[in-house]
Structure formats: structure tokens, C-alpha cells
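Number of protein chains: 2
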Amino acid sequence: MIQAVAWKNDYLELLDQTLLPETTGYLEIRRIEEAFEAVQNLRVRGAPAIGITAAYGLYLGLRDWTGASRDQFFQAMEEKIRYLASARPTAVNLRWALEELRRNVQNSAETDIPALKERLLRLAVDLHEDDRRRCELMAQHGQAVVPENARIVTHCNTGALATGGIGTAFGVIYHAHRSGKKVQVFADETRPVLQGARLTMWELAAARIPSQLICDSMAASLMKQKQVDLVIVGADRIAADGSTANKIGTYPLAIAAKFHGVPFYVAAPLSTFDLSISSGQDIPIEMRNESEIRRVFNKSLITVPEAKCWNPAFDVTPPELITAIITERGIIKPPYGETIKAEGRLPARPQ
Amino acid sequence: MIQAVAWKNDYLELLDQTLLPETTGYLEIRRIEEAFEAVQNLRVRGAPAIGITAAYGLYLGLRDWTGASRDQFFQAMEEKIRYLASARPTAVNLRWALEELRRNVQNSAETDIPALKERLLRLAVDLHEDDRRRCELMAQHGQAVVPENARIVTHCNTGALATGGIGTAFGVIYHAHRSGKKVQVFADETRPVLQGARLTMWELAAARIPSQLICDSMAASLMKQKQVDLVIVGADRIAADGSTANKIGTYPLAIAAKFHGVPFYVAAPLSTFDLSISSGQDIPIEMRNESEIRRVFNKSLITVPEAKCWNPAFDVTPPELITAIITERGIIKPPYGETIKAEGRLPARPQ
Chain S
2 MIQAVAWKND YLELLDQTLL PETTGYLEIR RIEEAFEAVQ NLRVRGAPAI
52 GITAAYGLYL GLRDWTGASR DQFFQAMEEK IRYLASARPT AVNLRWALEE
102 LRRNVQNSAE TDIPALKERL LRLAVDLHED DRRRCELMAQ HGQAVVPENA
152 RIVTHCNTGA LATGGIGTAF GVIYHAHRSG KKVQVFADET RPVLQGARLT
202 MWELAAARIP SQLICDSMAA SLMKQKQVDL VIVGADRIAA DGSTANKIGT
252 YPLAIAAKFH GVPFYVAAPL STFDLSISSG QDIPIEMRNE SEIRRVFNKS
302 LITVPEAKCW NPAFDVTPPE LITAIITERG IIKPPYGETI KAEGRLPARP
352 Q
Chain X
2 MIQAVAWKND YLELLDQTLL PETTGYLEIR RIEEAFEAVQ NLRVRGAPAI
52 GITAAYGLYL GLRDWTGASR DQFFQAMEEK IRYLASARPT AVNLRWALEE
102 LRRNVQNSAE TDIPALKERL LRLAVDLHED DRRRCELMAQ HGQAVVPENA
152 RIVTHCNTGA LATGGIGTAF GVIYHAHRSG KKVQVFADET RPVLQGARLT
202 MWELAAARIP SQLICDSMAA SLMKQKQVDL VIVGADRIAA DGSTANKIGT
252 YPLAIAAKFH GVPFYVAAPL STFDLSISSG QDIPIEMRNE SEIRRVFNKS
302 LITVPEAKCW NPAFDVTPPE LITAIITERG IIKPPYGETI KAEGRLPARP
352 Q
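These protein sequence lines are chains S and X, in that order. Here the first sequence is numbered in my numbering, starting from 2 and rising by one per residue. Here the second sequence is numbered in my numbering, starting from 2 and rising by one per residue.
Heads up, a few of these hints could be off.
Repeated chains share a single entry, so a pair holds when one copy, or any two copies, can fit it.
Derived pair list, reagent style DSSO-like, types lysine-lysine, alpha-carbon separation capped at 27 Å [stated by the list, open to error]:
1) Lys-309 with Lys-334
2) Lys-118 with Lys-227
3) Lys-118 with Lys-300
4) Lys-225 with Lys-182
5) Lys-225 with Lys-9
6) Lys-183 with Lys-9
7) Lys-118 with Lys-183
8) Lys-309 with Lys-225
9) Lys-342 with Lys-309
10) Lys-182 with Lys-300
11) Lys-118 with Lys-334
12) Lys-9 with Lys-259
13) Lys-182 with Lys-227
14) Lys-259 with Lys-183
15) Lys-183 with Lys-300
16) Lys-342 with Lys-259
17) Lys-309 with Lys-183
18) Lys-118 with Lys-309
19) Lys-182 with Lys-309
20) Lys-259 with Lys-225
21) Lys-225 with Lys-334
22) Lys-300 with Lys-342
23) Lys-118 with Lys-182
24) Lys-259 with Lys-118
25) Lys-227 with Lys-309
26) Lys-227 with Lys-300
27) Lys-309 with Lys-9
28) Lys-342 with Lys-9
29) Lys-259 with Lys-334
30) Lys-227 with Lys-9
Please keep in mind that the hints were generated in silico from the structure rather than gathered at the bench.
Using the sequences and the hints, build the whole thing.
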């Protein structure tokens, strides 16, 4: 199994995802500035993986701190948190992970500085381990919807590269494969940033899962030819009514699945649910730079240089197009407005 | 107005579309093999433009023929027709143009070889002029479906680069613009070969039509936000029931349009109708090389080198997703099975 983020006793090892798929290169992150740079320049990406990296980064930024007072330590921590959070201003998990650490450290009665530092590291390791466990649980619950010999379409990258474990949607596929279900995957290339082509195909090859790469516009033809048994994708944010924001291209895939009667699943940890948002239209959609469309890999120009582009990073799939949502607690089914609320025990953030 | 295909007295001049938008380069086609290569490698593309190129190519392949017998000339012609037709198997206009020439030459009483050759050239020139006229007629009929200030999504390239005139779907847009309707266009980039990004955006810029480039996966989000008034696309082949084969990505666009209640139009000359094919499932779909997906512009590798890809060039949109078909004779509406047959005056091939 790939380890995109790994704590190596005294440094953080990161798989440099900007080099994939051509080169498998690892970075040794020993300083907070290196963690910041890796997050900002997408060397590590995927909501959970970014949060975990930031947590280790915060420890690295404080482990050589030489002051003696608890208050001064917290002051230094505050500064480092602000610094790390600014690496990807829109990444919710990044801020969430850092706030978890802050809250937990500040709530401790500990006054000994080395013990506070030790606590930070243990919290980062726990966060990482927690994510790994949630991935495994999602993968296990997800098996209920994956038949033997399933032919699966997926979108974007949701595997070990994006999480602290085997992944969300990818984790479900991976677990089906390792338990002998003989699945086949069609991976959407996922324009404009091509996470499917670059990262998911690399993970599928590494796991020896039979796979084919398709352009985002080809899945509907596969469905028409009855070559798809199910679609499974991840999520960036899920509203209280089940509306799911995910990488751009998820919504037309869900429409096509509905049109062909193909089941469409979302796999996401409970931390993805944002119960403060009641419906899809209230989920803010990040608009990204036009150059992401104009140039492939910031290099090859694919259009006229002055072309205007419309580049939303995400789209929102309404609940009526989603067959079920797979979480670490089990499978949530429609009507989501009721099932999500009725669960009650469903927290806005994981505990 | 751009001239992508032009007969220059003794050679065919082709705008090499594989170099666009960075370079505007022209090819001098003097031999049939060069015409074949240009069609196969998409230097010239678009159903009508391919037909016109093949017609000139047939003449070029026979102009230096040195035999003396009419029968032997026809035999040589037959061989050249088979050769040219094999360059793009789904392109019905390619075979249609060649068959038109064959029929017309064989039906002539001419026995003089130079006169037969001269006749072939004149037929190619007539075909070219005929296409130009049909584009203008389609553009005029199409105005009935384009309101003032229309926001239009289109797919692939259907303009002057793809035809002998102002285009099919693009011609309708172009005519709306030049008659002052203040239209705005969202152009699908059209993976994998990016005809929308490279060619349509180039034509839109040249015509000063307000436009934005989107990835193929983004049109559904635009529709959801009520930013699209209509979709208009071209066609490579239309079956007797109205099923329309067009560039891959057309079908999911039509599904999304239906889902959002956005009208979806096809603009195509009558030569695109193939009444020998009763429904969409009988339209043969050309599978293209996997490397078209793996590498952008045959250069930048976007995935693992050994990635398998599934790369159909076209998809088929069923008649129930098509609001109307715009031809040079007028607008055809559902139920297509009846309207197309009932027209009676609609020939399998234009006269």
C-alpha cells in the first residue's frame, strides 16, 4: 500500500505528488516551512492528507522552540497555526486539523514544554491513525454495494494519495479488489487538473486493479452500452439535505447515471458533513484560475492565449441523484434530509 | 472568413488544424497520399470538410493516371475511393462525397480520359461550393431557435474549419452574431483532441463573438445556474429515427440539457442523414488510438505510460433528447421517425 504521508520517527515523509506519475519521489520534511511549501504547491493534496500534514507541520515548527513559559509556547503555536492555515486558504480540513490540535493542547493541564511538544506529536499521529481507521471502516461498509465482477466508474482521486489511509471512494474499490471481487475500474481523467489520469490511474496500477482511463465525457457512452455497474465518488462537503459538493464533473456523471439507471454512490467520512448548510445551493464553490484550463500542467497551451475560461473547482450533486452515502458508520440512504437529521448521533466533525 | 480548404488551381491548400491555435500553417496537397494523411491525422476534420478534401484527393490521385481505357480508369478510381474511404470509417460524408463523384463520372457518356479527369475536378469544386451554400441556408433556418442575447453551449468544432462554408452549428451562431443578436458562447474544450479549445475558441475569437472556454464536465453546472439558453451541436451521421452520432461528449451534454429543460439542437446538412441505418445502435463508432488520451498533443503524458484507455471518437444521442434538427431545407421536429420519413422529399443524399 502506498504511503503518501508517513511519520518517520523524527521527520515527515511525503510522496511528492507533483512528480507523479512519471517519478515516485519522496520528500523529507523536517521544518514547518517545508510542510507549508508542500501543501501550497500541491505536493500533498486531498482534504484529509492536507490536514494530517499540517498537524505534523505544527509539531515540526515547535519542536525546537526554546522558550520556557506555557503562555509563550501557546503564542508561538498561534503564529504557526496562522502561517500553516494560509497555505491553502479554502481547505477546510487544514484549519479544522489545526484547531483540533490547538483546542486539545490548550485544554491540557500540562505546563512542561517538552511534554506539550510531545502531546502535539501524539495528536498528529492520532489524527493520522484516526483517518486510516475511518478509511478502513468506509471500505468495509461499502462492500454492500459492490457486487462481484463490478465495473465501476470513479472520478478524481480519492485514494491513499488523498487520505491517511486507503482512501474514501478508492478505499471501497481497493477493499473489493483485495477481497477477491475481481472489479474493473474506469477512471475519469478529471479535467482540468487531471487528478484521475495522473493519480488514480497510478494508484490503480500500483494496486494491480484492472483499469481503463476515460475522458470525463465518455462515461455516459459506457453506461449506454451497459458496461457500468456502479459509480462511486468522494466528497468535499455534504449539506444537511445530502447535496454533495465534489470535484467538477461529478454532477454530470450523476445525471448520466440516473438517466441509465446506474447506482451512484458517495463515500465520505462524517467530517465531510456540514450540517450548518441546509442545501446544495448554499455550498460555496471555489472558482479557480483560468490558466488551469488554458494550459495543461502549466505548460502546453490548448487554446488561444486570450481565451476566457470559466473554472469552478467543484459542482453540487443534488440528493435525488445519489443512491446512498457510505460513511465510517454505515450506509445512509434517502430521504437524506430525514436520515441525516434522524441519525442525531451524526456529528458535524468527527470526535 | 477563414478558408480551411481551398483549391488553388493545381493543388489543394489545407489549413493544418493540428497546429492551431499556436500556428496558422497551410499544407500544399498535391498527391492522394497527402490527402489521405491529412484526413487520417485530423489535419483537416469536420464531416463536410473531409468530404470535400476526399473529392479533391480523388482527383489528385487520378490526374497523372496514364492508362487509356475508360474501364481501367474506373477500376483505378474504385481503388482510390476504397483507399480514401478507409481514412475515417465513421465519416459518412467522406464515403458519400466519393460515391457522388463515382456515380456522376460513371453516368457520364465521356470516354476521353482527360475529360473524365476534368469532370472529377469540376465535381469536387461543385461539391465545395454546394457545401458553402448549404451552410448559409442552415444558418438562416437556425435563427428561429436562437433568441436575442442567447447564451449558447456548443461542442467540438463545426465552423469554417469543419465545412466548406461558415459551418453547421457554428454557422447558426455566427449568423446570429452578425445579424446583431448579441449571443454569448460557452465552448466545450472537447477532450481528448480538444477541437473546442483549439479550433472553436480560435474561430470565436476571429469572429469577435463573446465566448468562454469550459471543460466538458462543466456545462451541467452552467445549466443548473440557468446560464444556458440552448445547446447546439453538429453531427457526423443521423439515422432514420433521428439518432445522432457526433463527437464524444455530445450525448452527456444532451442528457444534461434534458435534465435541466434546456433545448438541444443539432445542425447538419441533409448529407449527414443515413436512411440506410434505422436506429442509433447500428451506427458504427470509430475507436481511436489510446495515445490520444494518454498524451496531450502527442506530447505531455498525463497518466502512467502503460495506462489502458477507452477512446471512442463519437457517441450517439437518441432522438428523445433532441429538440429539433436544423438542415438546409428547414427545421425537422420530433417524432423524427415520422417527420424524416414523411418528408419524402428528404433524400438519403442531397442532390
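Checked hints:
For the homomeric pair Lys-309 and Lys-334, neither the shortest alpha-carbon distance inside one copy (40 Å) nor that between copies (34 Å) is at most 27 Å. Taking identical chains as interchangeable, the C-alpha atoms of Lys-118 and Lys-227 are never at most 27 Å apart, the minima being 55 Å within one chain and 49 Å between chains. Proximity of Lys-118 to Lys-300 under the C-alpha cut-off of 27 Å is found in neither arrangement, the shortest distances being 41 Å within a copy and 48 Å between copies. Taking the closest pair of Cα atoms, Lys-225 and Lys-182 come within 27 Å of each other only inside a single copy of the chain (24 Å); across copies the shortest separation is 37 Å, beyond that limit.
With identical chains, the CA atoms of Lys-225 and Lys-9 are never at most 27 Å apart, being 48 Å at best within one copy and 45 Å at best between copies. Taking the shortest Cα distances, Lys-183 and Lys-9 never come within 27 Å of each other, neither inside one copy (34 Å) nor across copies (59 Å). In this assembly of identical chains, the alpha carbons of Lys-118 and Lys-183 never lie at most 27 Å apart, being 46 Å within a copy and 60 Å across copies at closest. For the homomeric pair Lys-309 and Lys-225, the shortest alpha-carbon distance between copies (20 Å) is at most 27 Å, but the shortest distance inside one copy (33 Å) is not.
In this assembly of identical chains, the alpha carbons of Lys-342 and Lys-309 never lie at most 27 Å apart, being 42 Å within a copy and 43 Å across copies at closest. In the homo-oligomer, the alpha carbons of Lys-182 and Lys-300 never lie at most 27 Å apart, since the shortest distance is 40 Å inside one protomer and 36 Å across protomers. For the homomeric pair Lys-118 and Lys-334, neither the shortest alpha-carbon distance inside one copy (42 Å) nor that between copies (71 Å) is at most 27 Å. For the homomeric pair Lys-9 and Lys-259, neither the shortest alpha-carbon distance inside one copy (45 Å) nor that between copies (52 Å) is at most 27 Å.
Proximity of Lys-182 to Lys-227 under the C-alpha cut-off of 27 Å is restricted to the intra-copy arrangement: shortest distance 19 Å within a copy versus 42 Å between copies. For a Cα distance limit of 27 Å, the shortest separation of Lys-259 from Lys-183 inside one copy, 25 Å, qualifies, whereas the shortest one across copies, 35 Å, does not. Within a single copy, Lys-183 and Lys-300 get their C-alpha atoms no closer than 38 Å, and across copies no closer than 33 Å, so neither meets the 27 Å cut-off. In this homomeric assembly, Lys-342 and Lys-259 come within 27 Å of each other (Cα to Cα) only inside a single copy, at 25 Å, whereas the closest approach across copies is 32 Å.
Proximity of Lys-309 and Lys-183 under a CA criterion of 27 Å is satisfied inter-copy only: 17 Å between copies versus 44 Å inside one chain copy. In the homo-oligomer, the alpha carbons of Lys-118 and Lys-309 never lie at most 27 Å apart, since the shortest distance is 46 Å inside one protomer and 48 Å across protomers. Taking the closest pair of Cα atoms, Lys-182 and Lys-309 come within 27 Å of each other only across two copies (20 Å); inside a single copy the shortest separation is 46 Å, beyond that limit. Taking identical chains as interchangeable, the C-alpha atoms of Lys-259 and Lys-225 lie at most 27 Å apart whether they share a chain (11 Å) or sit on different chains (16 Å).
Taking the shortest alpha-carbon separations for Lys-225 and Lys-334, both the intra-copy value of 25 Å and the inter-copy value of 24 Å come in at or below 27 Å. In the homo-oligomer, the alpha carbons of Lys-300 and Lys-342 never lie at most 27 Å apart, since the shortest distance is 47 Å inside one protomer and 51 Å across protomers. Taking CA atoms no more than 27 Å apart as the test, Lys-118 paired with Lys-182 passes in neither setting, with 45 Å inside one copy and 64 Å between copies. Neither within a single protomer nor between protomers do Lys-259 and Lys-118 lie at most 27 Å apart by alpha-carbon distance, with minima of 50 Å and 56 Å respectively.
In this homomeric assembly, Lys-227 and Lys-309 come within 27 Å of each other (Cα to Cα) only across copies, at 19 Å, whereas the closest approach inside a single copy is 37 Å. Within a single copy, Lys-227 and Lys-300 get their C-alpha atoms no closer than 37 Å, and across copies no closer than 33 Å, so neither meets the 27 Å cut-off. For the homomeric pair Lys-309 and Lys-9, neither the shortest alpha-carbon distance inside one copy (43 Å) nor that between copies (35 Å) is at most 27 Å. Taking the shortest alpha-carbon separations for Lys-342 and Lys-9, neither the intra-copy value of 40 Å nor the inter-copy value of 72 Å comes in at or below 27 Å.
Proximity of Lys-259 and Lys-334 under a CA criterion of 27 Å is satisfied in both settings, with 16 Å inside one chain copy and 26 Å between copies. For the identical chains of this complex, Lys-227 and Lys-9 are neighbours neither inside a copy (46 Å) nor across copies (49 Å), given an alpha-carbon limit of 27 Å.
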